[in-house]
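Chemist: As a plain string of letters, each chain reads:
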Amino acid sequence: MKKIILFLMIALVVFSTTVGAITAEEIIQRRDDNEFIKSARVESTMIINNSGRELEKKMVSLIEGDNALSEFTNSMDRGTKFLKRDDNLWMFFPDAEDIVKLSGHMLERGMMGSDFSYKDMMESEKLIELYNFELVGEEEYNGRPCYKIEATKVEGAEVSYYKRIAWIDKERFIGLREDLYAESGRLLKEIVVTRTEEIQGRWYPMESVMENKLRENTSTTFIINSIEFNPEIPEGTFSLESLQ
Amino acid sequence: MIVFLLITTTPSLAYQFGGELNTGVNSLFYDNTNQNSIYENINLDLNFDNANFAITAQNNYNYFNKNYEFDIALKKAYIKHKFKDTQITLGKQPVSWSFGSLINMVDYSLGAEALDEESSAKYVNALELRYPINWYSSLSLVNEFNPDYDKIGFRARTLIRDYDLSLNYINKEGSNQNSSRLGISFKGDLNNVGIYGSILNLNNNTGNNVNTNAYMFGADYSYYLNEGYGNRLYFQGEYHLLENNEGFLELLNSLGGNISSSEEQLLNSFDSDYLKIMLGNVTYNINDFSSIGVFTITSLDDGSTALIPNYSNQLNSNTTLNINISYLSGEEKDFFGTGQTLPQAVLNIELSYTF
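Chains A and B supply the protein sequences, listed in that same order.
Okay, so the first sequence: first residue is 1 according to the numbering used here, each after it adds one.
Okay, so the second sequence: first residue is 1 according to the numbering used here, each after it adds one.
The shape of chain A in the complex, shown without the other chains:
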């Protein structure tokens, strides 16, 4: 009888452990459910800080799958627009009303002088499709219990960073911090989410700060002023004609 009870207890412990365990992929999947955008309309502000000097850029973006259309509204860049279709980026210069296709190498560049590259802003695939994940621990970050996940790029995947370490809120499944590494193991960038909000039933990072670790005293704060998930986007929005 004692053996049966002991067996049942062990089985219960094993069963409950199996049910409770969550894999790195599941965590990322749940994070993607929150943070991956199928379509959205976003109004945002970028504050670029360099040794105490600040530049502010504002933009309105429409996003749908791999496509995005952004228009800058701050005075310095007013009317400048970007159209992203798959891996191609087109730019509209408002003064002469020119549309020029940007060379691929320009996508590595900091977007409008920020620490976010065009590629950072344009990567539209789900992380789960680009990286192999490993749950390396659980830590508290900024008072929130987090899963610590290490991601290494899938061979052949085209990504900006070889490795990422992410702190993901255990309750809300939203990334609170992410360190981005080169293949050499060198830390390149650090993104810290400073404000999150629950919108239309999903947690989303509304304010984050990116620090480029290869430059001194620079950071870019990215603030989402408003976001609407799955808005109605008219047909033909993501076209060269709509840039004009």
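Simulated from the structure, these hints should not be mistaken for laboratory data.
Since the structure is predicted, the reported quantities are computational estimates derived from the model, not experimental observations.
The reader is advised that the hints may include incorrect statements.
As the list claims (entries may be wrong) - Within a straight-line C-alpha distance of at most 30 Å, the following computed DSS-like cross-link-like pairs (lysine-lysine) qualify:
hint, chain 1, residue 1, chain 2, residue 2
1, A, K170, A, K153
2, A, K213, A, K148
3, A, K81, B, K92
4, B, K82, A, K81
5, A, K163, A, K153
6, A, K81, B, K75
7, B, K76, A, K58
8, A, K148, A, K38
9, A, K213, A, K163
10, B, K92, B, K76
11, A, K81, B, K84
12, A, K58, B, K82
13, A, K58, B, K276
14, B, K75, A, K58
15, B, K76, A, K81
Chain A is already provided as a structure; the job is to place chain B on it using the hints.
Modeler: Just chain B now, with coordinates in the frame of chain A:
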């Protein structure tokens, strides 16, 4: 049609208003003397969904001859209207067929992008019809209204295997000049290098019927320091080959403005079959706010060069400081030479404020 457009196109209530205020100093250095002038100019833009207006006003005071000039000009004043799939724009508007080159010989207006600077040549009184075929392909037809000549332009643009391709045709007929240009351009990527080019045929039938061909090939590349994630060094180079005959004089406007030599001198000074021009641009981003670079344009026939170092610093969200120096290395007879008309060097310091 014009009346119909004016009646049916009422500017929408949604609008954007803004502009730019520039102030600067120009110093021109000649062999024996130099001239300094200060200037201020303001650009005002008022954009509605279906109409755009822009004016520019400039004050210029030349210390050398104590001359004061004021100029005000309408830069843009046009309305837009959409008939089914066709977009129509009517009025003074920019017509620009850029594709990323430093100099564009297949542009609607020649000289519109000389030395990568915006010029008033882009702004014309015209009716433009644009018909998009799909998200990346379109047809454009431009009919310009000018008392001195009749000019039409046609452009077909598409994307094939991620290469931006266009076919351009421009025909201009006036009392002084009849000519047509037919050209193609492309821009795309070859691994990590951006490549582009154009082929142009110019037919000048003003006097003798002269056919001139011009070819261009260019490339650009970014090198990032610190394992590819640090500051950027940007390189751009362009090679132009112009068939040397009477026809090419019309194309010279695209190569950095009027050269000190007369047209006849120019024609006589080249004994090769082709005029060969090389352009280069190197820019280094010092940080998020400032960059330094140098732009060069060289005649490979006589070795003369225009050298233009530049520095730009965005002081805050609205204010930018630009410093440019232009230096001509050639002799009077050279393609980029100095002489009676052109200074040896020009220094421009400008502060811009946007609002």
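Chemist: All hints are to be evaluated individually against the structure, with a verdict given for each.
Modeler: So, going through the hints one by one against the coordinates:
1. A:K170 with A:K153: holds, 23 Å
2. A:K213 with A:K148: holds, 20 Å
3. A:K81 with B:K92: It holds: about 22 Å lies between the C-alpha atoms, which stays within 30 Å.
4. B:K82 with A:K81: Roughly 21 Å separates the two Cα atoms, so the pair holds.
5. A:K163 with A:K153: holds, 6 Å
6. A:K81 with B:K75: With Cα atoms ~21 Å apart, K81 (chain A) and K75 (chain B) stay inside 30 Å; holds.
7. B:K76 with A:K58: holds, 25 Å
8. A:K148 with A:K38: holds, 26 Å
9. A:K213 with A:K163: Holds, at roughly 15 Å.
10. B:K92 with B:K76: Given pair K92 (chain B), K76 (chain B) holds - Cα atoms ~5 Å apart, limit 30 Å.
11. A:K81 with B:K84: holds, 24 Å
12. A:K58 with B:K82: Within the cut-off at roughly 29 Å; holds.
13. A:K58 with B:K276: Violated, at roughly 44 Å.
14. B:K75 with A:K58: holds, 26 Å
15. B:K76 with A:K81: With Cα atoms ~19 Å apart, K76 (chain B) and K81 (chain A) stay inside 30 Å; holds.
When each numbered hint is compared with the structure, a violation occurs for hint 13 only.
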